[in-house]
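Asker: Below, each chain spelled out in residue letters.
Protein chains: 2
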Amino acid sequence: MPEPYLQTAIDEARRGLESGGVPIGSVLVHRGEIIGRGHNQRQQRGSAILHGEMDALENAGRLPAEVYRESVLYTTLSPCAMCSGAILLYGIPRVVVGENHTFMGEEALLRSRGVEVDVVDDPTCRQMMTQFITEHPEIWNEDIGEP
Amino acid sequence: MPEPYLQTAIDEARRGLESGGVPIGSVLVHRGEIIGRGHNQRQQRGSAILHGEMDALENAGRLPAEVYRESVLYTTLSPCAMCSGAILLYGIPRVVVGENHTFMGEEALLRSRGVEVDVVDDPTCRQMMTQFITEHPEIWNEDIGEP
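Each protein sequence line maps, in turn, to chains A and B.
For what it's worth, full-length UniProt numbering labels the leading residue of the first sequence as 1, then goes sequentially.
For what it's worth, full-length UniProt numbering labels the leading residue of the second sequence as 1, then goes sequentially.
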């Protein structure tokens with residue numbers, strides 16, 4: 001069983017999948033309390049920017065810098081350049097990643113800027129993404145800016 | 001006078017200012033046609049992720065990778081890590097920046113990844129941001145994740 005916060009991110013990914021979307025979920029945790037959660041909204045809301053992590057950050061609402069700097073972001077998939085950039089903008093010091101086999105994000109950039117990146121390699125995260133990419137390659141490519 | 005696309009980004013910044021927000025605007029231009037425009041929405045929509053560039057990308061809607069790769073993003077202010085990450089995610093090859101005196105974004109990172117970054121140093125862009133930061137330092141600091 002994944003740890004509880006990652007499990008909540010997985011629950012978000014599954015909600016996304018069940019509503020016809022890309023199965024990536026994310027949770028922002030401040031001092032042990034979930035303050036934001038969300039999932040990829042490309043299909044559901046026609047969004048080009050609401051990746052799972054961005055949706056969690058947006059749902060957390062406006063926060064002072066101090067809160068981000070004491071928070072951990074959980075995400076089912078290795079964060080892309082946009083989501084990694086948001087992590088850097090807000091100085092989130094730690095990211096827990098469900099898996100990075102189906103997509104390798106900007107983990108090296110994050111680490112080079114001092115962010116702790118822990119990759120869990122969770123089988124449920126991998127399975128959901130592997131199946132989605134197989135069934136909907138065109139949506140997935142659009143989501144990561146690939147032709 | 002700034003070039004027309006930058007002027008449209010400045011118009012967006014001014015709309016943002018007049019509606020009580022951070023005066024940063026952006027325009028996405030594909031083969032000479034404006035396909036998305038927007039401005040910072042922190043104050044107006046309580047958003048943590050709708051910087052000017054992100055708002056322009058969101059308003060452009062879902063696009064195939066090919067369109068981004070033939071587009072130019074105009075922004076009144078040097079793009080932060082999040083917006084630069086979005087530029088990298090979508091492979092936007094060129095960014096025109098109004099000014100980078102009031103805030104230096106991730107121009108070096110963008111250039112290191114092959115993005116052309118042209119800084120105009122437009123006096124209107126500088127003046128709007130200088131005045132806003134002086135009058136609302138707490139909002140500005142929140143917008144860039146500073147305490």
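For the record, the hints were derived by calculation from the structure and aren't laboratory data.
Only a predicted model underlies this, so the values are computations on that prediction, with no experimental measurement involved.
You may find that some hints are simply not true.
Said to hold, decoys possible - Which residues of chain B face chain A? A few of them, derived with a C-beta cut under 7 Å, are:
#1 R62
#2 A65
#3 V67
#4 V72
#5 A86
#6 G91
The C-beta atom is built at its ideal place from N, Cα and C for all residues, glycine as well.
Asker: Please go over all the hints and tell whether each is borne out by the structure.
Answerer: Against the structure, the hints:
1. R62: holds, 6 Å
2. A65: holds, 5 Å
3. V67: Violated, about 10 Å.
4. V72: Since the shortest Cβ distance to chain A is 16 Å, the answer is violated.
5. A86: It holds, given that the least Cβ distance between A86 (chain B) and chain A is near 4 Å, below 7 Å.
6. G91: holds, 5 Å
This entry does not satisfy hints 3, 4, going by the numbered hints stated previously.
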